Every structure is written in C-alpha cells, then in structure tokens.
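Q: Between the sequences and the hints, there should be enough to build the whole structure, so can you do that?
4 protein chains.
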Amino acid sequence: MPNKLDGARTLVARANRMIANEGVLDAFGHVTMRHPTDPGRFLMSRSRAPELVQPEDIHEFTLDSQIVKPIEARLYGERVIHGEIYKARPDVNAVCHHHAPSILPFCISGMELKPVYHLGATLGATVPFWDSRDDFGDTNLIVAKPEEGASLARALGQNWIVLMRRHGATVAGTTLEELTFRTIYTARNAAMQIHAHGLGHVSPLTKAETSLAGEYNLRPGPVARAWEYWSVRLDKVEGTWRGQKAKAAAPKKLKAKRKTKRRR
Amino acid sequence: MPNKLDGARTLVARANRMIANEGVLDAFGHVTMRHPTDPGRFLMSRSRAPELVQPEDIHEFTLDSQIVKPIEARLYGERVIHGEIYKARPDVNAVCHHHAPSILPFCISGMELKPVYHLGATLGATVPFWDSRDDFGDTNLIVAKPEEGASLARALGQNWIVLMRRHGATVAGTTLEELTFRTIYTARNAAMQIHAHGLGHVSPLTKAETSLAGEYNLRPGPVARAWEYWSVRLDKVEGTWRGQKAKAAAPKKLKAKRKTKRRR
Amino acid sequence: MPNKLDGARTLVARANRMIANEGVLDAFGHVTMRHPTDPGRFLMSRSRAPELVQPEDIHEFTLDSQIVKPIEARLYGERVIHGEIYKARPDVNAVCHHHAPSILPFCISGMELKPVYHLGATLGATVPFWDSRDDFGDTNLIVAKPEEGASLARALGQNWIVLMRRHGATVAGTTLEELTFRTIYTARNAAMQIHAHGLGHVSPLTKAETSLAGEYNLRPGPVARAWEYWSVRLDKVEGTWRGQKAKAAAPKKLKAKRKTKRRR
Amino acid sequence: MPNKLDGARTLVARANRMIANEGVLDAFGHVTMRHPTDPGRFLMSRSRAPELVQPEDIHEFTLDSQIVKPIEARLYGERVIHGEIYKARPDVNAVCHHHAPSILPFCISGMELKPVYHLGATLGATVPFWDSRDDFGDTNLIVAKPEEGASLARALGQNWIVLMRRHGATVAGTTLEELTFRTIYTARNAAMQIHAHGLGHVSPLTKAETSLAGEYNLRPGPVARAWEYWSVRLDKVEGTWRGQKAKAAAPKKLKAKRKTKRRR
Numbered sequence: 009m010p011n012k013l014d015g016a017r018t019l020v021a022r023a024n025r026m027i028a029n030e031g032v033l034d035a036f037g038h039v040t041m042r043h044p045t046d047p048g049r050f051l052m053s054r055s056r057a058p059e060l061v062q063p064e065d066i067h068e069f070t071l072d073s074q075i076v077k078p079i080e081a082r083l084y085g086e087r088v089i090h091g092e093i094y095k096a097r098p099d100v101n102a103v104c105h106h107h108a109p110s111i112l113p114f115c116i117s118g119m120e121l122k123p124v125y126h127l128g129a130t131l132g133a134t135v136p137f138w139d140s141r142d143d144f145g146d147t148n149l150i151v152a153k154p155e156e157g158a159s160l161a162r163a164l165g166q167n168w169i170v171l172m173r174r175h176g177a178t179v180a181g182t183t184l185e186e187l188t189f190r191t192i193y194t195a196r197n198a199a200m201q202i203h204a205h206g207l208g209h210v211s212p213l214t215k216a217e218t219s220l221a222g223e224y225n226l227r228p229g230p231v232a233r234a235w236e237y238w239s240v241r242l243d244k245v246e247g248t249w250r251g252q253k254a255k256a257a258a259p260k261k262l263k264a265k266r267k268t269k270r271r272r
Numbered sequence: 009m010p011n012k013l014d015g016a017r018t019l020v021a022r023a024n025r026m027i028a029n030e031g032v033l034d035a036f037g038h039v040t041m042r043h044p045t046d047p048g049r050f051l052m053s054r055s056r057a058p059e060l061v062q063p064e065d066i067h068e069f070t071l072d073s074q075i076v077k078p079i080e081a082r083l084y085g086e087r088v089i090h091g092e093i094y095k096a097r098p099d100v101n102a103v104c105h106h107h108a109p110s111i112l113p114f115c116i117s118g119m120e121l122k123p124v125y126h127l128g129a130t131l132g133a134t135v136p137f138w139d140s141r142d143d144f145g146d147t148n149l150i151v152a153k154p155e156e157g158a159s160l161a162r163a164l165g166q167n168w169i170v171l172m173r174r175h176g177a178t179v180a181g182t183t184l185e186e187l188t189f190r191t192i193y194t195a196r197n198a199a200m201q202i203h204a205h206g207l208g209h210v211s212p213l214t215k216a217e218t219s220l221a222g223e224y225n226l227r228p229g230p231v232a233r234a235w236e237y238w239s240v241r242l243d244k245v246e247g248t249w250r251g252q253k254a255k256a257a258a259p260k261k262l263k264a265k266r267k268t269k270r271r272r
Numbered sequence: 009m010p011n012k013l014d015g016a017r018t019l020v021a022r023a024n025r026m027i028a029n030e031g032v033l034d035a036f037g038h039v040t041m042r043h044p045t046d047p048g049r050f051l052m053s054r055s056r057a058p059e060l061v062q063p064e065d066i067h068e069f070t071l072d073s074q075i076v077k078p079i080e081a082r083l084y085g086e087r088v089i090h091g092e093i094y095k096a097r098p099d100v101n102a103v104c105h106h107h108a109p110s111i112l113p114f115c116i117s118g119m120e121l122k123p124v125y126h127l128g129a130t131l132g133a134t135v136p137f138w139d140s141r142d143d144f145g146d147t148n149l150i151v152a153k154p155e156e157g158a159s160l161a162r163a164l165g166q167n168w169i170v171l172m173r174r175h176g177a178t179v180a181g182t183t184l185e186e187l188t189f190r191t192i193y194t195a196r197n198a199a200m201q202i203h204a205h206g207l208g209h210v211s212p213l214t215k216a217e218t219s220l221a222g223e224y225n226l227r228p229g230p231v232a233r234a235w236e237y238w239s240v241r242l243d244k245v246e247g248t249w250r251g252q253k254a255k256a257a258a259p260k261k262l263k264a265k266r267k268t269k270r271r272r
Numbered sequence: 009m010p011n012k013l014d015g016a017r018t019l020v021a022r023a024n025r026m027i028a029n030e031g032v033l034d035a036f037g038h039v040t041m042r043h044p045t046d047p048g049r050f051l052m053s054r055s056r057a058p059e060l061v062q063p064e065d066i067h068e069f070t071l072d073s074q075i076v077k078p079i080e081a082r083l084y085g086e087r088v089i090h091g092e093i094y095k096a097r098p099d100v101n102a103v104c105h106h107h108a109p110s111i112l113p114f115c116i117s118g119m120e121l122k123p124v125y126h127l128g129a130t131l132g133a134t135v136p137f138w139d140s141r142d143d144f145g146d147t148n149l150i151v152a153k154p155e156e157g158a159s160l161a162r163a164l165g166q167n168w169i170v171l172m173r174r175h176g177a178t179v180a181g182t183t184l185e186e187l188t189f190r191t192i193y194t195a196r197n198a199a200m201q202i203h204a205h206g207l208g209h210v211s212p213l214t215k216a217e218t219s220l221a222g223e224y225n226l227r228p229g230p231v232a233r234a235w236e237y238w239s240v241r242l243d244k245v246e247g248t249w250r251g252q253k254a255k256a257a258a259p260k261k262l263k264a265k266r267k268t269k270r271r272r
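These protein sequence lines are chains B, Z, P and R, in that order. If you're matching positions, the first sequence starts at 9 in the numbering used here and goes up one per residue. If you're matching positions, the second sequence starts at 9 in the numbering used here and goes up one per residue. If you're matching positions, the third sequence starts at 9 in the numbering used here and goes up one per residue. If you're matching positions, the fourth sequence starts at 9 in the numbering used here and goes up one per residue.
Read the hints as simulated data drawn from the structure, not as lab findings. All values derive from a computational prediction rather than experimental measurement. Among the clues, some could well be false.
Taking lysine-lysine pairs in the DSS-like style, the calculated list, with each CA pair at most 25 Å apart, reads [unchecked claim]: (1) B:K244 x R:K244; (2) Z:K153 x B:K215; (3) Z:K244 x Z:K153; (4) R:K153 x P:K215; (5) B:K153 x R:K215; (6) R:K77 x R:K12; (7) Z:K244 x P:K244; (8) B:K244 x P:K244; (9) R:K95 x P:K244; (10) P:K77 x P:K95; (11) R:K77 x R:K95; (12) Z:K244 x R:K77; (13) P:K95 x P:K153; (14) B:K244 x B:K215; (15) Z:K153 x Z:K215; (16) B:K215 x B:K95; (17) Z:K215 x P:K153; (18) B:K244 x Z:K244.
A: Written out as structure tokens, the structure is:
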C-alpha cells in the first residue's frame with residue numbers, strides 16, 4: 009500500500025517540524041512512527057534537525073534499528089531508542105526523543121515531574137527516571153547500542169514518558185497525534201511546575217484526576233484540535249498558510265472521527 | 009439586526025485570535041460574548057483553537073449552553089463556564105477561559121494573585137480560587153456539567169477573575185474590549201509577581217489604589233489604545249497589516265467615544 | 009527650520025517603535041524628545057501604543073505639557089512626566105516612560121537595581137525609587153498632575169533612571185539615541201540581575217567601573233552601532249528591510265561622528 | 009587563494025548572523041576566525057552588530073590586532089580578545105565574544121558553570137573565571153589593550169570558554185563550525201542550569217562523561233547537522249529560505265565528511 013506509506017511519511021515529517029516549531033526540539037532529537045501496515049518496522053528521518061525534515065527524508069527501519077534500504081546519507085545514532093521501545097511495547101506506535109529546555113531541569117536536578125494541570129495529565133501517574141550510569145557507568149550519554157536502548161525501554165516500562173538523567177526525555181504514544189499532544193503538553197506542564205516551585209508549593213493532580221483528565225484529553229477531538237493549531241502555526245512560519253481561508257490540516261483519520269457527538 | 013450580529017461575530021473571532029497571539033491562549037481555551045441584542049444568548053466558536061477562529065465559526069448559544077441551530081461540527085465541552093456566568097451575572101457581557109503559562113503557577117501553588125502594578129489593577133481587589141475537588145471530588149477537571157459551571161460562577165461571585173486549581177482561569181468583562189484588556193494584563197501582572205517573589209518581596213497595590221487604577225484603565229481611551237495595539241500585532245502575524253498606512257483596527261463603538269477630552 | 013523638525017518627528021516615532029519592538033514598551037508607555045531648535049518645547053505622540061507611532065502622530069508641547077496646536081485626537085494622560093523632567097533638567101533631551109517586564113519586579117519588590125555588567129552601567133551609580141504614596145497617598149498611580157510630575161522629577165534628581173513603585177520606570181538621556189540605548193540595556197541588565205539573584209549572589213560593578221563603563225558605552229560609536237541594530241530589526245518586522253543590501257539606518261548625525269578613530 | 013578567503017569571509021559573516029539569530033549575541037559581541045591560509049592573521053568584521061555583518065564587512069587583522077589594510081569605518085575596540093587568543097593558542101581557529109542573557113548570571117553571581125547535559129559537554133571540564141579587577145583594578149571593563157587581552161588568554165589557558173566577571177564570555181573552537189556549536193549549546197546549558205538550580209539541585213556530568221560526550225558531539229556529523237539547522241533558521245528570518253526545496257546550507261567541507269559511516 010504505497011499511498012498509506014506515503015501519507016505516513018508526510019505525517020511523521022510534519023510532526024517533526026511541528027514539535028520543533030513549538031520549541032520542544034532543536035537541532036537534535038527525533039520523532040518516529042511505526043510503519044502503518046508492517047508492525048515490524050518503523051519510520052524515521054535520516055540524520056537532520058527535526059525542523060527541516062521532509063517526507064523524502066523518511067526511511068524504513070527494522071525493530072533492530074537497521075535501515076531496510078541502505079542510503080548514502082548519515083543516520084541518527086540513537087535509533088535504538090525507538091527500535092527497542094517499539095519492540096517492547098506493541099501498543100506504542102509513535103516515539104519522540106527530545107531535550108526540551110523546560111524538561112531538562114528535572115533531568116538535571118532529579119526533581120520529580122508531576123501532572124500539575126489537566127493538559128499535563130497525559131504524562132501519566134508516574135514518570136520514571138533512567139540514568140545511563142546505573143547500567144553502563146561513564147558514557148558519552150548517547151543511547152546508541154541495542155542494550156542501552158533496551159535498558160531505557162525497561163525503565164519506561166508501561167509508562168508514557170521517561171526522563172533521562174543529564175540528557176533529555178523519551179515520550180511514547182499510541183498514535184502520532186497523541187504523541188505530539190503528549191510531547192508538547194508535558195513540556196508546558198514542566199515549565200509551569202518550575203514556576204509553581206518558585207512560588208513555594210506544588211500541588212499536583214491526584215492519581216484519579218490524572219487518569220480521568222489524561223483519558224479525556226487524548227480523545228480524538230482534543231487531539232485533532234491541538235494538531236490543527238500546531239499545524240497552522242507551522243504553516244505560518246513556513247509561508248504555506250493560506251490565511252483566513254486555510255482549511256484544517258488535521259489528518260483525515262482524525263477528521264472522520266469528528267462525527268461523534270462528545271466534545272470539548 | 010443581522011448587521012449588528014455579524015459585527016459581533018467578527019469581533020469575538022478577532023478577540024480569540026488577539027489573545028492567542030499574545031500567548032495567553034494556546035490550542036485550548038475560548039473567548040465569548042453575550043449576543044449584542046438578545047441578552048439570553050451568547051456567541052461562541054465551534055471547537056477549535058482560538059488562534060484559528062473565524063467569524064463563520066461563531067454560533068449562538070442559549071444561557072443553558074445549548075446551541076440554537078445545531079451543526080455537524082464539534083462544540084467546546086466547557087460551554088457551561090460561559091453560560092452559567094452569563095446567567096448569574098447580567099453585568100457580564102464577555103468571558104474568557106484560559107490556561108496562561110504565567111497564571112497556572114498560582115493555580116498550582118495556591119499563591120494569591122495580587123495587583124502588583126496599575127495595569128494589573130483590573131483584576132480587582134480579590135481573586136477567588138475555585139477547586140473542583142470541593143464540590144465534585146476527583147474529576148477530569150473539565151467544567152462540562154451545568155452544576156459544575158454554576159459552582160464556578162458562584163466562586164467568581166461579584167469578582168472579575170477566578171483561578172481554577174490545577175486548571176486555569178476564567179475572566180469576565182462588561183464588554184469584549186474590557187475583557188481582552190483584563191485577560192492580557194492580568195497575565196502580565198502574574199508574570200511580574202512571580203519574578204518579584206523571586207526577588208524576595210511582593211508589595212501589592214492597596215485596595216484604594218486597585219479600585220482607582222482599575223477604574224482609570226478601563227475607561228474607553230486606554231481600552232481602545234490597547235485593542236488597537238494587539239489588533240495591529242495580529243495583523244502583522246496574519247499578513248494583513250498594511251504597514252505605515254494601517255488605520256486603527258479599534259471597533260467603531262470605541263472610536264466614537266474618543267471625542268471625550270479626558271485622556272491618557 | 010521645518011526640515012530639522014520633520015527629521016526629529018521621524019526619529020522620535022522610530023524610537024517609540026524600536027523600543028517597543030525590543031519588548032520594553034507594550035500598549036502603554038511613551039518616548040519623547042526635546043524640540044530640536046526650541047528648548048522650551050518637546051515632541052510627543054498623540055495617545056497610541058508606541059509600536060504604532062508614526063511621524064504624523066508627533067506633536068509639539070510646552071514644558072507645562074500643553075499641546076501647542078490643539079487636536080481632536082486623544083493625548084497621553086502622563087504628559088507631565090516628560091514636561092516636568094525637561095523643565096528640571098536642561099541637560100536632558102529625551103525621556104522614556106515604560107513598564108518593562110524585567111524592571112517591574114524591582115518596582116514591586118523594592119529590590120535595588122544595580123549595574124551588573126558593562127552595558128548596564130548606563131543606569132548610573134544610583135537608581136532612586138519614587139513612591140506616589142509618599143506625597144499623594146492612594147491614587148490611581150497615574151502621574152497626570154503637574155505636582156505629581158514635579159515630584160517624580162525631584163526623585164530623579166541628577167540621575168538617569170527612576171523606578172516608580174508598583175508602576176514602572178522613567179529614563180532620561182542627553183540625546184534620543186543615548187536614551188534608547190539606556191532604556192533597552194537597563195531592561196536587559198535587570199533581567200540578568202533577577203537570574204543572578206536566583207543563583208544566590210549579585211556582585212555589581214564598583215562606582216568607578218560604573219562611571220567608566222557608562223561613559224565608554226555612551227560614546228557615539230557604540231550608541232550608533234546599537235541604534236542601527238534595533239533599527240534593522242524593526243525594519244525586518246515591518247517588512248521594510250531590504251535584505252543584504254540594507255544600508256545602516258543610523259541617524260546622519262551619528263554617522264558623521266564615525267570618522268573619529270576611537271572604536272569598540 | 010582569493011576564493012578560499014572569500015569563502016571564509018562569507019562563512020564568518022554567516023556565523024555572526026546565525027549566533028545572533030539564536031539570541032546569544034545582540035548589538036555587541038563578535039565572531040572571528042583565523043585566516044584560512046595565513047595562520048598569522050584573523051578575519052573580523054568592522055564594528056557593527058553581529059546580526060548585520062555581511063562578507064564585505066570582514067577584514068584581515070594581524071595577531072597584534074592591527075588591521076592589515078586600514079579602512080575609514082570604525083573597528084571593534086575589543087580586537088585583542090581575539091588576537092591574543094590566536095597568538096596563545098595555535099589550535100584555536102575561531103573565537104566568539106558575547107554577553108548572552110543565560111551566561112551573564114554566572115558572570116554576576118560567580119556561580120560555577122557546569123556541563124549539565126550531553127550537548128553542554130562541549131564547554132569542557134573546567135570553565136575558568138577572569139576578573140579584570142585582578143590585574144587592572146577599576147576599568148571600563150572593555151578588553152582593549154594588548155596586556156588585557158593577554159591576561160584573558162592566560163585565564164582561558166587550555167580550556168574552551170572563559171567567563172568574564174560582570175562582562176560576558178569568550179569561547180574558542182578548532183573550527184568555525186565547532187565554535188558555533190559550542191557557543192550556542194553552552195548558552196543553552198547555562199539556562200538549564202539556572203532552572204535546575206531553582207529546583208534545588210544541580211547534578212553535572214562526571215569528568216569522564218564530559219570528555220566522552222564533548223568529543224562525540226564535536227564530530228563532523230553533529231556539528232554539520234546543527235549548522236544546517238541554524239543556517240536555515242537564519243534564512244527564514246532573512247527571507248532567503250526557499251521553503252521545502254531548500255538544500256542544506258552546511259559548508260562544503262563538512263558535507264564532504266558525511267560519507268563516513270559513524271552517525272548520530
């Protein structure tokens with residue numbers, strides 16, 4: 009099904025640029041998704057800054073993080089972050105690895121990241137830490153070997169985001185759209201927690217609130233609404249926005265679901 | 009009076025985009041106004057990010073938060089925030105619900121938000137907190153049921169802004185222009201209070217100063233000046249700014265009032 | 009000399025837009041300069057946001073803050089801030105009143121603003137505080153009456169910037185270009201002091217360093233270099249930048265002085 | 009070899025604009041590189057804000073910081089920062105002096121700047137402080153005399169970045185691309201350290217991690233990837249971006265090295 013694959017390549021390239029445009033990714037980091045028809049593969053860009061990734065940069069990789077059709081261009085060194093998570097978590101269909109300015113202070117200080125408002129509830133009740141020192145001692149901090157990726161995937165466990173000490177975060181989602189939502193709103197949540205900490209007290213959501221609000225916000229409606237927003241903002245920056253006549257840039261799959269009556 | 013309604017739809021769509029363009033709203037939140045000729049109705053967008061709202065997205069709702077002419081598209085889930093406040097407060101003609109980055113640290117920490125400079129005086133002497141837990145226990149934090157909206161409206165009382173624990177804020181105004189002013193300047197005031205707190209001491213306005221400065225800044229002159237500013241900034245981003253020949257984008261009602269001689 | 013006046017109106021309008029474009033001014037605040045040939049008058053915009061001010065908005069005022077040729081449009085309410093300082097300080101030829109986000113935390117907390125790096129040395133050895141409560145008790149905080157302006161001018165004394173409690177700052181300069189430099193770099197200095205305070209310790213310049221660095225940075229060379237920078241940045245935002253062929257936008261008076269050999 | 013020199017002038021002008029576009033440089037500061045064929049000379053702009061520097065602004069200087077072919081235009085006053093470092097460090101081929109908002113709080117507070125994530129590891133294990141007071145007492149803080157530049161170069165020693173108390177930072181690199189990477193990522197690292205400090209604890213990289221991660225990130229692949237990113241971002245702002253068809257703006261030398269198989 010070449011059309012389905014082409015659509016996926018366009019979407020994953022766009023998600024890279026959207027998340028970068030929101031300040032969560034910079035020259036480094038990457039967004040991938042599982043192959044739309046072959047669960048034993050995933051789609052990832054060749055090595056370049058996420059803000060620049062185009063559909064033609066997206067290639068297929070096995071779950072052992074090997075490229076299916078070798079190319080001349082450089083590949084990302086941290087492919088195993090993605091491959092090992094797809095291997096360990098059949099429910100995960102999209103992964104983002106990043107070094108967001110609001111998340112790093114937690115990775116540096118060891119302060120627990122907590123859901124502090126409903127939109128941050130998508131980070132889940134528990135955000136585990138992973139420290140490369142525990143299993144591997146002094147390294148260059150890059151997660152490049154299969155065993156390093158597997159160790160990180162174990163730390164992630166059944167959660168949706170794992171903080172990597174002195175390095176960054178890795179986020180997972182059941183869909184690319186959900187992943188985009190979780191990645192951006194957990195970064196926003198982190199910034200708010202930092203400032204609340206500065207005011208002297210952090211009062212997070214309860215476990216039940218986290219579960220209920222997380223579930224609510226990840227329904228197709230809110231996720232499509234946020235996707236359209238970030239997509240139009242990207243179009244404005246890239247000069248492809250058609251102004252007040254611009255149509256929603258939400259993926260078709262999501263648009264179809266809008267016929268349901270529950271709303272937000 | 010279809011023309012008056014059309015004008016109102018254009019204005020409320022523009023207010024959504026202006027407040028979003030100033031960083032107070034993102035993918036979520038909403039700005040509404042009471043129907044210009046029928047006080048038993050209010051105008052609200054279909055569900056989409058405020059930065060994208062166009063006049064044709066604006067529909068009429070009853071004060072029970074039901075759409076007057078049902079449509080296919082999704083509606084906001086938190087319509088009752090607006091409907092219940094319009095019901096409880098006949099003096100309120102515009103409402104904004106948001107999750108501004110500078111306001112949330114107060115909602116998370118429980119720190120009192122205070123007027124710390126004259127432009128923030130529009131938040132009034134008292135900013136009440138509302139906690140969904142008090143009346144409803146663990147929820148998804150979304151204010152979707154009529155009784156939840158009514159509870160929030162009671163917490164707002166006769167004030168102009170209410171902070172919602174672990175969620176955001178809801179702001180009210182006697183006009184759409186006043187609401188826009190209060191929404192943006194209370195967010196600016198909050199950011200300044202956070203940094204003043206970091207310097208070790210917060211010395212707010214007295215009650216008398218708050219009342220006098222609030223009243224001064226909400227006169228038609230300052231409100232129109234600020235509206236023109238945010239409107240031109242929006243035009244620059246949307247590519248509709250005509251450069252140095254651009255005329256003021258202030259609503260006509262406000263322009264007319266400029267003939268008075270008191271000024272700022 | 010109509011040409012000299014026209015040139016001054018263009019420059020003071022541009023300074024309003026440049027300082028706003030750097031985030032120091034928003035919907036409120038104002039930049040003025042003394043009349044280029046009549047020291048008993050000063051040039052100020054009609055009431056509108058500084059980012060929007062055009063040469064045709066600039067009018068002449070007496071030092072009693074009365075407009076020379078009355079107009080229909082609204083005037084700023086705080087004209088006396090400027091008039092009273094020009095009256096008290098014959099060496100001052102330009103004034104800016106603002107509410108910069110980095111300066112307000114000092115006005116709210118009472119923390120002393122100090123020169124913490126060479127470019128901030130232009131704030132001088134002493135930054136006095138003025139509190140409207142001292143002379144006038146509870147007010148709307150607006151400096152609108154001649155006696156209020158005179159009180160503020162006395163607090164400024166022979167200094168170059170005065171902090172106004174719970175309100176903002178007023179900055180003075182011997183030229184418009186110097187004023188622009190001091191206004192922007194004292195705001196930058198304030199932001200750095202806030203973060204240094206957060207790191208636990210603020211070590212300011214000595215009095216001698218402040219004096220030497222202030223004098224050095226206010227020579228024509230550095231001042232023209234900074235003016236050209238902010239001017240091109242404004243041109244980029246306003247769509248009037250001619251790209252890599254753009255010529256320096258520095259005022260001619262400054263360009264002429266560039267022939268001196270001392271440099272930076 | 010006029011072509012090689014022309015290419016170098018284009019690159020060093022571009023590096024000035026790129027680093028400014030990322031918020032590390034403002035009206036002041038400068039980026040230079042050693043002459044590509046004559047190690048006894050270096051290339052530096054005439055005095056103007058880095059964001060505005062064009063290839064034709066770049067001139068040749070001796071290691072005694074004298075211009076080879078005198079010009080009418082003003083020169084930077086702090087040329088000796090560059091000349092004395094090139095003299096003392098034959099391995100250094102590019103230097104940047106700046107006053108980044110995230111770095112200054114360290115220069116003001118005396119807090120040690122440490123590598124807190126892998127991309128900040130390029131600052132090295134030790135970041136020395138230099139205080140102009142130690143050797144020269146009260147000055148205008150400008151490093152303008154040869155002995156001042158030499159003192160700073162001694163403080164830098166064999167490290168890659170030196171913090172200048174109450175002034176800024178000077179960064180060195182073996183290539184212009186490496187310098188650009190180190191300059192921007194050490195500023196990002198500093199911002200993260202400030203926020204981690206606010207959360208209560210800073211846990212830096214070990215010496216071994218710093219060495220390994222620094223080495224990894226300065227390989228041609230990551231350096232070229234970051235250069236392309238900042239270059240495209242500059243093109244977007246300057247209006248020279250050709251949209252989705254834009255080709256990588258990485259310098260040819262770096263592109264050539266991409267054929268190696270190690271990647272990131």
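Q: The structure should be examined with respect to each hint, and the outcome stated for every one.
A: Comparing the hints with the structure gives:
Restraint check for B:K244 and R:K244: the C-alpha separation of about 12 Å stays at or below 25 Å, so the hint holds. As the CA atoms of Z:K153 and B:K215 are separated by approximately 22 Å, the hinted pair is consistent with the 25 Å bound. This hinted pair does not check out: Z:K244 and Z:K153 have alpha carbons roughly 39 Å apart, beyond 25 Å. Annotation: proposed proximity of R:K153 to P:K215 holds, straight-line Cα distance about 22 Å (limit 25 Å).
Of the pairs offered as hints, the one joining B:K153 and R:K215 holds, with about 22 Å between alpha carbons and a cut-off of 25 Å not exceeded. Pair hint R:K77 plus R:K12 holds up; C-alpha atoms about 19 Å apart against a cutoff of 25 Å. With a C-alpha separation of about 11 Å, the suggested pairing of Z:K244 with P:K244 holds against the 25 Å cut-off. For the hint linking B:K244 to P:K244, the alpha-carbon distance of about 16 Å falls within 25 Å, and the restraint holds.
Pair hint R:K95 plus P:K244 does not hold up; C-alpha atoms about 38 Å apart against a cutoff of 25 Å. Between P:K77 and P:K95 the alpha-carbon distance is near 20 Å, which keeps this suggested pair within the 25 Å criterion. Our distance criterion of 25 Å between C-alpha atoms is met by R:K77 and R:K95, whose separation comes to about 20 Å. Distance check on the hinted pair: Z:K244 and R:K77 sit about 44 Å apart at the alpha-carbon level, beyond 25 Å; violated.
Straight-line distance between C-alpha atoms of P:K95 and P:K153 comes to about 15 Å, which keeps the hinted pair within the 25 Å bound. Note on B:K244 and B:K215: the hinted pairing is violated, with a Cα-Cα distance of about 38 Å set against a maximum of 25 Å. For the suggested pair Z:K153 and Z:K215, the alpha carbons sit about 35 Å apart, so the restraint of at most 25 Å is broken. Among the hinted pairs, B:K215 with B:K95 is inconsistent with the structure: their alpha-carbon atoms are about 28 Å apart, more than 25 Å.
Only pairs whose Cα atoms come within 25 Å are accepted, and Z:K215 paired with P:K153 is accepted, the gap being roughly 22 Å. A threshold of 25 Å between alpha carbons decides the hint, and for B:K244 with Z:K244 the separation of about 12 Å falls inside it, so the pair holds.
In this structure, the earlier hints numbered 3, 9, 12, 14, 15, 16 are contradicted, and the remaining ones agree with it.
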